[in-house]
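**Student:** In the order they appear, the protein sequences are chains A and B. Residues in the first sequence are numbered from 1 upward in steps of one, following the numbering used here. Residues in the second sequence are numbered from 376 upward in steps of one, following the numbering used here.
Please note that a few of the clues may not be correct.
[What the hints assert, rightly or not] Below, a list of computed lysine-lysine pairs in the PhoX-like style, where the Cα atoms sit at most 20 angstroms apart:
no. : chain 1 : residue 1 : chain 2 : residue 2
1   : A       : LYS350    : A       : LYS312
2   : B       : LYS744    : B       : LYS707
3   : B       : LYS728    : B       : LYS462
4   : B       : LYS611    : A       : LYS127
5   : A       : LYS374    : A       : LYS350
6   : A       : LYS145    : B       : LYS648
Hint data in this document are derived by calculation from the structure and do not stem from the laboratory.
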Amino acid sequence: RARNLRSSSHLSPTSFTMFRPISSLFSLLPQTRYGLTAARTYATAATERTITMIPGDGIGPEISEAVMTIFKAAGAPIKWEVVNVNAETGVSDDVIKSVVKNKVGLKGPLGTPIGKGHMSLNLALRKKFNLYANVRPCLSIPGFKTRYDDVNTVVIRENTEGEYSGIENMPVPGVAQSIKIITYEASKRVAQYAFQYAVDNNRKKVTAVHKANIMKMSDGLFLKTCREVATQYPTIKYEEMMVDNTCMQLTLNPAKIDVMVLPNLYGDIVSDLCAGLIGGLGLTPSGNIGFNDTAIFEAVHGTAPDIAGQNKANPTALLLSAIMMLRHLGHHDIAGRIESATLSTIGEGKIITGDLGGKSSTTDFTNEICRKLKQ
Amino acid sequence: KTLSPHHLFVVHHPLPYHQIITYPKQMIRSLCASSTPLFRSSLSVPVLSRTLTYTQEATKKRVTLIPGDGIGPELVDSVLGVFGAAKVPVEWEIHHVHAPPPGSSGPQISQDVLTSIIRNKVALKGPFYTSSGVGAPSRNLELRKALDMYAHVIPAKHIDGIATRHSDLHVDIVVIRENTQGEYMGLEQELTPGVVQSLKITTRDSATRIAKYAFEYAKNEGRKTVTAIHKANIMKQTDGLFLECCREVAKDYPSITFNDMIIDNCCMQLVMKPQQFDVMVTPNLYGNLVTNVVSALVGGPGLTPGANVGGGLAVFEAGAHHVAADIAGHNKANPVGILLTSTLLLKHINLPKYAQLIEDAVHHVIKQKVLTADVGGSATTKQFTQAVIDRVNATKSS
Chain A
1 RARNLRSSSH LSPTSFTMFR PISSLFSLLP QTRYGLTAAR TYATAATERT ITMIPGDGIG
61 PEISEAVMTI FKAAGAPIKW EVVNVNAETG VSDDVIKSVV KNKVGLKGPL GTPIGKGHMS
121 LNLALRKKFN LYANVRPCLS IPGFKTRYDD VNTVVIRENT EGEYSGIENM PVPGVAQSIK
181 IITYEASKRV AQYAFQYAVD NNRKKVTAVH KANIMKMSDG LFLKTCREVA TQYPTIKYEE
241 MMVDNTCMQL TLNPAKIDVM VLPNLYGDIV SDLCAGLIGG LGLTPSGNIG FNDTAIFEAV
301 HGTAPDIAGQ NKANPTALLL SAIMMLRHLG HHDIAGRIES ATLSTIGEGK IITGDLGGKS
361 STTDFTNEIC RKLKQ
Chain B
376 KTLSPHHLFV VHHPLPYHQI ITYPKQMIRS LCASSTPLFR SSLSVPVLSR TLTYTQEATK
436 KRVTLIPGDG IGPELVDSVL GVFGAAKVPV EWEIHHVHAP PPGSSGPQIS QDVLTSIIRN
496 KVALKGPFYT SSGVGAPSRN LELRKALDMY AHVIPAKHID GIATRHSDLH VDIVVIRENT
556 QGEYMGLEQE LTPGVVQSLK ITTRDSATRI AKYAFEYAKN EGRKTVTAIH KANIMKQTDG
616 LFLECCREVA KDYPSITFND MIIDNCCMQL VMKPQQFDVM VTPNLYGNLV TNVVSALVGG
676 PGLTPGANVG GGLAVFEAGA HHVAADIAGH NKANPVGILL TSTLLLKHIN LPKYAQLIED
736 AVHHVIKQKV LTADVGGSAT TKQFTQAVID RVNATKSS
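Just need the whole structure built from these sequences, with the hints factored in.
**Tutor:** Written as structure tokens, this is what we have:
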């Protein structure tokens with residue numbers, strides 16, 4: 001049963017839609033951890049791909065350096081084009097040109113000046129490239145002990161509308177109002193992405209998270225759209241769960257939850273809740289998917305200005321996001337090697353950075369991973 | 376302050392002059408001067424009162440009882456059984472509020488129920504199920520708005536004997552959630568086919584009063600920190616207004632530490648380091664999510680008590696109001712939450728001895744490892760209730 005994935009109504013996350021095999025081959029593909037696509041039969045390891053790298057602020061430059069070093073040690077066919085986004089330049093023209101040309105980017109943490117009135121830089125990137133879905137896979141890292149050791153969820157969050165439309169005003173002094181917009185278009189896009197992701201990554205179930213008993217029309221529309229898209233993917237189990245119950249279930253028993261698709265606000269909250277389950281933002285990768293196969297992968301933690309420049313930062317989040325990116329580009333073997341080197345280093349617990357309870361520096365951690373890769 | 380055996384209640388509408396009973400002037404002056412609650416205990420819910428013009432000596436206190444949907448009736452039976460065994464001097468006035476017929480609009484809760492609650496000032500209720508889908512209004516929201524119960528208080532405390540992933544941290548958090556506005560306004564419309572808008576409203580008045588309630592509660596319960604939960608970096612005007620009001624009220628309570636946290640970071644911190652939280656004051660939706668996370672931290676939806684307070688009334692219901700329709704009628708529901716809620720109610724109506732008796736019995740039964748299925752045991756609702764009744768009888772006879 002082949003799926004016609006070249007139809008224009010389907011927005012595919014992969015860069016190589018034309019080469020997708022028929023679905024019966026999916027079972028032969030390796031289970032991916034932080035992958036975005038598994039459906040590739042062509043090796044493109046030979047051709048070097050240019051990727052936009054935005055180091056960011058604070059610890060950004062150090063961790064980007066670490067990632068580039070590790071990729072070189074692994075022999076990844078990636079050429080980095082480093083551009084800068086900061087508070088003065090904002091999202092300048094060369095940044096835009098670079099991302100439009102390369103289509104894939106890796107971004108470090110960007111600081112948002114608080115209370116200055118201008119749009120956050122993260123939001124600016126999101127709007128410029130129409131990054132409509134935010135994907136955050138949360139997997140418990142074996143060997144790194146948290147109170148939860150069986151987390152394996154993926155949060156797919158609608159990234160453009162909902163409560164974050166930014167439409168607010170004060171109609172009367174002392175009364176503030178904020179408008180939440182839900183559209184059929186955006187809900188359909190993100191639902192389709194979520195189901196396709198589930199298919200591509202051998203996931204079993206997609207849960208639509210909502211609060212449609214109270215917000216009947218807005219979340220009701222989101223829910224109806226998810227139901228509609230679910231009928232197009234009969235192999236994936238579909239269920240619906242209220243956001244308060246979802247938070248409860250994630251805190252009680254996260255193993256029961258697989259892929260989730262959510263509107264903007266709930267997605268923000270639930271994705272951070274899931275990050276907390278596996279050990280915090282320092283260990284969580286994230287990817288933003290846009291139109292025309294544009295994708296920007298990022299580390300979602302803050303800029304940590306207090307430890308910036310001291311060689312103490314933990315590059316794991318950016319590294320795991322870069323691994324997600326490698327899989328997006330189809331370099332599964334290299335991604336797998338870097339991933340096992342990273343996870344085993346963390347799992348052994350000997351050479352880890354301060355935030356994970358160790359005493360090593362960024363360079364020590366990086367060198368250990370490179371050493372494992374060279375073995 | 377020592378209180379006479381006469382029970383003191385806040386009156387919703389002042390009585391005509393000839394019915395006012397005279398009391399020593401000093402007592403009235405001191406009672407009127409303070410706006411602090413009159414009942415003290417570890418789980419009591421203070422009701423902000425202004426003036427007292429009426430006292431009532433009651434041999435039995437009347438309380439409105441609304442069983443609700445799903446597991447509500449079984450849980451309420453459990454409470455009735457335990458209260459009967461303890462011989463609590465409470466007279467129940469039972470009202471049923473049925474599910475709205477599909478496609479209905481307009482008031483779903485009849486005036487009798489509202490009048491009953493206003494008259495009795497205190498009620499105990501089970502969960503109401505609100506279906507998704509246009510045209511089935513939420514009875515919970517309606518009740519809260521009609522009676523202006525603006526504060527939802529959920530004290531969640533670690534229970535000895537229930538093992539959770541966070542047991543060693545002895546979680547003890549009180550969530551005070553704004554109950555009437557925010558995202559739950561129900562102001563939605565379809566702008567064009569496929570585009571729906573929903574309004575979220577925050578007013579200065581409501582934010583100020585919930586903040587004031589939270590700080591008063593913290594002060595009376597001896598709590599040290601109040602944390603405001605918001606998303607003011609994105610929703611600068613609505614949550615920004617909420618945060619600003621909290622900050623203003625905080626200035627009047629210099630002995631209480633005030634800080635704030637963004638909701639997404641808050642959820643992460645709750646699952647990683649819940650011991651840093653004490654009292655949390657939140658707008659409506661974030662309060663709902665935080666309540667659920669906090670209930671899960673102490674063991675599940677069946678364990679937290681709660682109260683809706685405001686307008687001189689208190690309606691008590693279990694904290695995480697899960698209807699649990701899938702286990703309704705199967706004798707599997709966990710009555711710990713509703714029993715602890717009933718002890719809150721007893722403290723509120725100034726029957727602290729009975730409250731302590733029932734609370735101790737529940738804790739004793741849990742320590743004996745008699746637990747329902749949701750917390751890892753195998754007892755049924757009735758078995759658990761019977762164990763509590765037996766313990767109550769044993770304690771009273773000793």
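**Student:** Determine for every hint whether it applies to the structure shown.
**Tutor:** Here's how the hints hold up against the structure:
no.: 1; hint: A/LYS350 with A/LYS312; verdict: holds (15 angstroms)
no.: 2; hint: B/LYS744 with B/LYS707; verdict: holds (16 angstroms)
no.: 3; hint: B/LYS728 with B/LYS462; verdict: holds (12 angstroms)
no.: 4; hint: B/LYS611 with A/LYS127; verdict: holds (19 angstroms)
no.: 5; hint: A/LYS374 with A/LYS350; verdict: holds (19 angstroms)
no.: 6; hint: A/LYS145 with B/LYS648; verdict: holds (14 angstroms)
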